[in-house]
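*Asks:* Note that the sequence shown covers residues 1 to 174 in the working numbering.
Possibly wrong hints are sitting among the right ones.
To be verified - With a straight-line Cα cutoff of 25 Å, these simulated DSS-like cross-link-like pairs (lysine-lysine) come out: (1) K105 / K156; (2) K96 / K111; (3) K156 / K173; (4) K40 / K128; (5) K128 / K144; (6) K128 / K111; (7) K144 / K40; (8) K111 / K173.
Think of the hints as simulated: they come from the structure by calculation, not from any bench.
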Amino acid sequence: MKKVLYLFLALLLPGLIFVFLKYAGKNEFTVPIFYDQGVKLPEGCGFGPLDSAKDFSIAGSDPFTVSPKLRAMWEMNHEVNVVVFSTAGLDFNKIKLAIDEEMGKDAVWLKETNSLTIDVSGLSIVKKCEFLVNDPFQSVLIDKEGRIRGYYDLRKRDEVDRLRVELKILLKKY
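With the sequences and hints as input, model every part of the structure.
*Replies:* Written as structure tokens, this is what we have:
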């Protein structure tokens, strides 16, 4: 009789745990929002090459977002946008193709040479002041509201994998 009771409990316990986790548990992942408390801009940032009078946020004030004028120029009105700045040793097309095969065309890729015509010095100001991209990173993930969700060095495999995971989370494809 004891053996039957122990067997019953041994089978019941995992079943109860499964049912509890299935109906009471919740799988929810989040991707952090960068500069949600504002940001102190790097030295030399002001109105920039776009001649926009954007009011940049200072730490402790409004959240920082990419300026609406720049977002309109780059047509960043999609659910997620991946902005990539050219860097030596980066095979942009290979990475884009691999991620597009996995997730479809939901993530919009913007490469600075294809999407924005600004001289090289202006482009470095956009990279530094609008997107707050510093070395070694050359790409940034931006959501529909213009909030920065991540920085990546796509020359490294683990960074490409992190971008994949964060895209899946933002696009709810998990």
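*Asks:* Holds or violated: K128 and K111, Cα atoms, limit 25 Å.
*Replies:* Holds: K128 and K111 sit about 15 Å apart, inside 25 Å.
*Asks:* Would the pair K128 and K144 pass a check requiring their Cα atoms to be no farther apart than 25 Å?
*Replies:* At roughly 21 Å apart (the allowed maximum being 25 Å), K144 and K128 satisfy the hint.
*Asks:* Would you check the hint for K144 and K40, treating anything up to 25 Å between C-alpha atoms as holding?
*Replies:* Holds. K144 to K40 sits at ~23 Å (cutoff 25 Å).
*Asks:* Compare the distance between the alpha carbons of K156 and K173 with 25 Å, and conclude whether the hinted pair is satisfied.
*Replies:* holds (23 Å)
*Asks:* For a C-alpha distance cap of 25 Å, please report whether K40 and K128 respect it.
*Replies:* holds (12 Å)
*Asks:* For the pair we were handed, K111 and K173, check the Cα-Cα distance against 25 Å.
*Replies:* holds (24 Å)
*Asks:* With a cut-off of 25 Å on the C-alpha distance, tell me whether K105 and K156 pass.
*Replies:* holds (23 Å)
*Asks:* Would you check the hint for K96 and K111, treating anything up to 25 Å between C-alpha atoms as holding?
*Replies:* holds (11 Å)
Violated hints: none; the structure is consistent with every hint.
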